[in-house]
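I would like the entire structure built from these sequences, with the hints used as guidance.
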Amino acid sequence: MLIGAHVSAAGGVFKAPENAHRIGCECFQVFTRSPRGGQPKPLTDEVLEQFFAEIKKYAFTKYYVHAPYYINFASSKKRIAEGSVEVIRDELERASKLGVTALMTHLGSSKDVGKEQAVKMTIDGIKAVLKGYTGSCQFLLENAAGAGHVIGDSFAELGAIIAGVESLKANKDKVGVCLDTCHAFSSGYDIRDAKAWNKTLKEFDELIGLKRLVVLHANDSKYELDARKDRHDNIGKGTIGKKAFEIMATHPKLKSVDCILETPWVDGEKTI
1374 MLIGAHVSAA
1384 GGVFKAPENA
1394 HRIGCECFQV
1404 FTRSPRGGQP
1414 KPLTDEVLEQ
1424 FFAEIKKYAF
1434 TKYYVHAPYY
1444 INFASSKKRI
1454 AEGSVEVIRD
1464 ELERASKLGV
1474 TALMTHLGSS
1484 KDVGKEQAVK
1494 MTIDGIKAVL
1504 KGYTGSCQFL
1514 LENAAGAGHV
1524 IGDSFAELGA
1534 IIAGVESLKA
1544 NKDKVGVCLD
1554 TCHAFSSGYD
1564 IRDAKAWNKT
1574 LKEFDELIGL
1584 KRLVVLHAND
1594 SKYELDARKD
1604 RHDNIGKGTI
1614 GKKAFEIMAT
1624 HPKLKSVDCI
1634 LETPWVDGEK
1644 TI
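Taking my numbering, I'd label the letters of the sequence shown as residues 1374 to 1645.
If you're looking for bench data, these hints aren't it; they were derived computationally from the structure. Possibly wrong hints are sitting among the right ones.
To be verified - Listed below are the simulated EDC-like cross-link pairs for lysine to aspartate or glutamate, each with C-alpha atoms no more than 16 Å apart in a straight line:
| hint | residue 1 | residue 2 |
| --- | --- | --- |
| 1 | K1451 | D1485 |
| 2 | K1504 | D1563 |
| 3 | K1435 | E1399 |
| 4 | K1493 | E1539 |
| 5 | K1450 | E1422 |
| 6 | K1568 | E1619 |
This is how it looks when you write it as structure tokens:
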């Protein structure tokens, strides 16, 4: 398990490796574009050269990209639904140019069309994203915190979406998962002790498959189990507790899964 954090790319994506190194990261996560909207900065040959020089300088072998927050494959507004497909595909292509290990995204909300139709639209949207994609960056779905009408808060729903995407043979094994500890806890999956972790991972394996678990977002929670609220806290300062993360870091089933902190502060620096 490599451990890192979400870091800033202010001033250019090539700034991220140094920012990650400065706070002791073994891997890192970054946005390549504003998470709130707008056009991304071009990945020119000069930018790529600077980025890879920094990656080499600080000896990073694995790093991740988080997609923008506004993605919603199940929006009733065609502009948003189709735009989500376009943005995610573009981010996968950009991430591949950067040598990124994997890109993760939130899936959006079912409030416009209802849960059943939203799941179908999400499956169709992901199929559209992956159609003809030959890049090196893996595509990951991130579990949601269960607030409101979010898509993908349960392992069963994520598993159903992945199965639907993989109903096309061309998509076999193309989709992985990013498991956020705060989101899982807020959705009713307990991880506060070894017994709880084992139960949660067993359910994950049965409904999704542990082979699909690529990266963890390690975040404590400001709210109690099953609160259905997405509020990250620093490790050991929230309701999940430090012990849960000690177990996570040494769990035999998680040894090949990387870990990214998205806590409010890392080494005195605001992260995400």
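Please name the hints from earlier in the document that this structure breaks, with their numbers sorted from lowest to highest. Hints 2 and 5 not satisfied by this model.
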